[in-house]
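Chains as they are written, first to last, in the numbering used here: chain A, 1 to 121; chain B, 1 to 282; chain C, 1 to 137.
For the record, the hints were derived by calculation from the structure and aren't laboratory data.
There could be a bad hint or two in this list.
To be verified - Pairs of lysine-lysine, DSS-like flavour, derived with a Cα cap of 25 Å:
#	chain 1	residue 1	chain 2	residue 2
1	B	K161	A	K111
2	B	K257	B	K186
3	B	K100	B	K161
4	C	K34	B	K100
5	B	K257	C	K34
Unchecked claim - Which stretches of chain A does chain C cover? Using the computed rule of at least three CB atoms under 8 Å from a CB of chain C, they are:
#	segment
6	49-63
7	93-101
8	104-116
Where is the CB? At the ideal position from N, CA and C, for every residue including glycine.
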Amino acid sequence: MERVPILEIGGVLLVSIQIDLQDQTVLALQEDLAQRISDTGAHGVVIDISGVEIVDSFIGRMFATIASLSRLFDATTVVVGMRPAVAITLVELGLTLGDVRTALNLERGLKILGEQRRGRR
Amino acid sequence: MVGVGERRLVVVLRERRDEVLEQWVRAAAATLRGRVTAAELERESRELYTALLPVVGDNGRDVSGERYAEIRSLLAELSRTRARAGYTPSETASSVFALKRVVFELTEHDADPDLFRELMDFSSLLDALGLFTFETFARAREEIIAEQSEQLLELTTPVVKLWEGVLAVPLVGTLDSARTQVVMEKLLESLVETGAEHAIIDITGVLAVDTQVAQHLLKTAFAARLMGAECTISGIRPQIAQTIVALGIEFGDITTKASLADALRHALRSEGVEVVAADRVR
Amino acid sequence: MTAAGGEPEELPIAGDDDVVRVRQLVRTYAQRVKLSLVNQTKLVTAASELARNTLVYGGGGVARIEVVTDGVRQGVRAVFHDDGPGIPDVTLALADGWSSGSGLGLGLSGSRRLVDEFDLDTEVGRGTTVTVVKWRG
């Protein structure tokens, strides 16, 4: 099973998903992220899915879970780069991502996290 | 040379091949009235003729079978080319039927009863093949119509940039489910390409919406939100508003505005831009 | 509707990685019949849900994928079969939000919305077969 790498840049954990996710990988990523947020005290998590061709209910639920997890550590999760076809399919599937923040691309995602951080101080 | 048990017609068609071909091309050219070049027609006819020889002797009852694969693909290609070039289905099938007359004339002085029976079968065979061209012709026309309506959809749904970061699709006319879906995809693609975070779907020029169309508009707005953008629907006319309420469609927390101007103002405000008359700035 | 292009391609669904393989095979077929990108995505997503159902609730099974034609239309048919416990209440299983396992309860009802044809054949103690078709155009 492949593991998705997690990068840390300036208090933000960056996850870029480039593989076809299997369920075990999804669960492992959730665990790894929880651990890393707790270890690093990161204030934000960005999940880049611009390379992801499909998001089914299992993967969609991962976003919601990661968002809830990160909130427990006072961190915000932003999912960026969702492709139009994926978004349309998720709406049809009837899946809501809970209160996961989303942004068009990585840059916007980091901007959201930056603004939020300034707002808190 | 006549092989043992070989059919007479096959022998005739093979030995007098050039003669038959020449007359067939001439007959076909007459129906097509010079809109296909002689060389092209000759090439097509020769290919068809070669593919036809192995099935001569059949009565054409199983044209969908494996043995007919080659001639079917040639005929399909022919029908498609003719359909695109604007020929009628009769003109297309006539090219095939023309061969019948040529062969009949060639053998009319022959009184062999076996040959006569073979000719009957040959006639049925060409009928079946002619009908096949009719079918593929109709199918090709349907494909062309589908392509054209797709192109038309593309033309009638422009995505325009109203401001830095604000895109809009002004919809005019009758919205059907297919067109709304095209709009939806095109708008979302444009958000990714331009990085614009606001989209406005303006339906001022739309005469009526049904449940499906209203659902599609809503789904577009939800999809845009999933992607990290905001989508406003503007220009809902009173009748359409009534329809939407009557259908019980919930717009939820999707922003709707009375006019495109209102929607633009709303988008600009959330981008942090305020539009103020010049004399008030001073 | 008739099958086109011979025997359906069969894949076992026995583990997590098989779900990924089913997605990839369905994608190949969807591209072969030139489904639009959105329709490819819908079909692959539905297949992913159904393959996971086969694995999680059916205890594993097989997926069969093939190209089908209906007059001028072409499409992809995907069949998911298991010999598992079956579904006792089909109406309930197709309702949004229902789930007997760890999913969000969108597996069946959600994937039904993503395809053009959906058929559920199940018998308690005998197993479940779900057949879906997505047409081009």
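| Unsatisfied constraints (hint numbers, rising) | 3, 4, 5 and 8
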